[in-house]
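Please work from the sequences and hints to get the whole structure.
These protein sequence lines are chains A and B, in that order. Going by our numbering, the residue at position 184 of the first sequence is 184; the numbering climbs one at a time, nothing skipped. Going by our numbering, the residue at position 149 of the second sequence is 149; the numbering climbs one at a time, nothing skipped.
It should be emphasised that the hints constitute simulated quantities derived from the structure, not laboratory data. Hints should not be assumed to be uniformly reliable.
Unchecked claim - Quick list of in silico lysine-lysine cross-link-like pairs, DSBU-like style, CA-CA up to 35 angstroms: (1) A/K92 to B/K160; (2) A/K224 to B/K128; (3) A/K31 to A/K224; (4) B/K160 to B/K128.
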Amino acid sequence: MSTIHTPTSSGHHLVSPDGKWYWDGVAQEWKAQPGTTATEKPAPPKSEPARGLTSFTGNVRSADLAEGQAVLVWARWILIGTGLLLSFWSPKDLGTLQVQLAAIIALAFGNFYLHVQLLRGHPALDTVVYAASLADIGVVTALVLVQGGYQSPVFIFYFAAIVGISVAFPTWLTAAYTSLVVGVYGVICLVTAPIADDPAVFTRLLMIAAIAVCGNLFARSEAKRRADAIRVHSELLDEVEQRSSIGGKENVASS
Amino acid sequence: MSQVREVRSAKQAEQEDLFFGQTVIVWARWSVIVAGIVLVLWTSTSVSLLTQTMPFFLVLMAVNFFLHGRFVMGSPLNRFVVTVASVVDLILITAIVVLWPGSHGLNNQFFVLYFPVVFAFALVFTRKIEVAYTGLAMLLYAGACILAGTVPFDLGNEDKVLVMRLIVIAAMGFLGNYYFRIQRDRLAQAGKAAAA
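Right, here's the structure in full:
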């Protein structure tokens with residue numbers, strides 16, 4: 001919000017560019033300037049026009065998701081790198097290897113695009129990120145199914161995928177994705193695992209959920225800390241401005 | 001990540017991160033405790049086995065009640081105690097991998113208990129400590145598998161599975177700490193932007 005740092009007319013508060021609103025840091029809201037006939041609050045800043053490969057439909061980019069995208073992208077690179085290494089390590093049969101390599105390479109292309117967008121400073125749209133994470137889960141599930149379900153050792157890549165999701169996505173989406181993973185993998189295990197291994201299945205599912213809870217808990221806690229830090233600074237700033245106006249001193253911004 | 005000057009001193013930042021992040025470690029430990037208790041109750045085949053294994057989890061539960069209680073009361077424990085408790089988690093999980101009746105080492109399926117513990121630790125501590133902790137977890141797990149005689153070192157399927165699991169343990173630590181550093185940077189930026 002560049003507007004709050006560009007006071008234009010008043011020396012006592014941060015004022016919107018049209019001069020009709022001032023920012024009340026204590027109440028954390030825009031208020032109408034006395035003696036003006038303000039009818040609308042300042043419009044939010046316009047989003048940048050989409051260009052080239054960034055022109056997917058919609059323009060929603062959440063700040064938290066944009067920051068969390070870096071974790072998602074690196075989690076996916078780990079999945080891709082490890083998947084490639086292990087695919088070439090004592091492959092069992094041609095069909096399995098073909099499915100593995102096709103899925104991993106497709107994932108690598110998608111991740112390359114997302115990584116380039118991040119490096120250019122244009123994080124991908126929310127919907128694209130959500131779809132990419134669904135693709136991660138789909139690829140891991142496909143590999144698990146190809147390798148015999150419960151017996152497949154690649155289920156551990158669910159953990160890497162859930163780590164990224166838990167820190168980047170809002171709580172309800174994290175819960176939805178985690179439920180999807182637990183549900184799908186749980187069904188696969190129930191069908192393919194011997195009854196004696198049910199405790200191991202339970203442990204796997206519980207730990208997937210635990211990772212999601214820990215990651216999301218931390219992300220929410222950090223968001224709150226950040227909001228608190230900004231609020232405290234704004235309150236202090238506003239208090240200083242109010243004191244300077246009461247004391248008759250000129251505000252720095254108006255000098 | 002752009003370099004932003006911290007408003008807080010490095011020591012203050014670490015203390016605050018530990019204060020606010022401790023809850024994640026506590027919750028990760030709760031997940032391990034719940035899993036352990038359910039497994040003990042579920043898989044015990046005799047009274048003696050149940051009475052021998054359950055006390056470990058009861059002690060861990062008591063410790064975590066204490067840690068969680070201190071956190072809720074606003075006086076969480078210091079870095080040393082948190083680190084020691086986290087190392088005890090690793091030792092306990094390794095003991096499960098080595099000693100659990102039925103399957104040992106690489107064949108034991110409870111290695112997944114390492115994941116939330118390593119991830120939660122990485123969300124709270126600085127990179128050097130996190131690397132040491134993650135390395136310790138990998139070392140303990142690899143040692144447990146080798147000690148149990150389940151790794152043939154023939155570059156076959158067992159070796160491959162071990163490498164895969166070690167990579168994912170490392171990934172948990174790396175991703176958790178990477179996110180931790182992003183968040184610390186954002187917090188610094190938020191403070192700087194508001195102060196500007």
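Checked hints:
Distance hint between A/K92 and B/K160 is fulfilled; the C-alpha atoms sit about 13 angstroms from each other, no more than 35 angstroms. The straight-line distance between the Cα atoms of A/K224 and B/K128 is roughly 26 angstroms, inside the 35 angstroms bound, and the hint therefore holds. Between A/K31 and A/K224 the CA atoms are separated by roughly 24 angstroms; this keeps the pair inside 35 angstroms, and the hint holds. A threshold of 35 angstroms between alpha carbons decides the hint, and for B/K160 with B/K128 the separation of about 28 angstroms falls inside it, so the pair holds.
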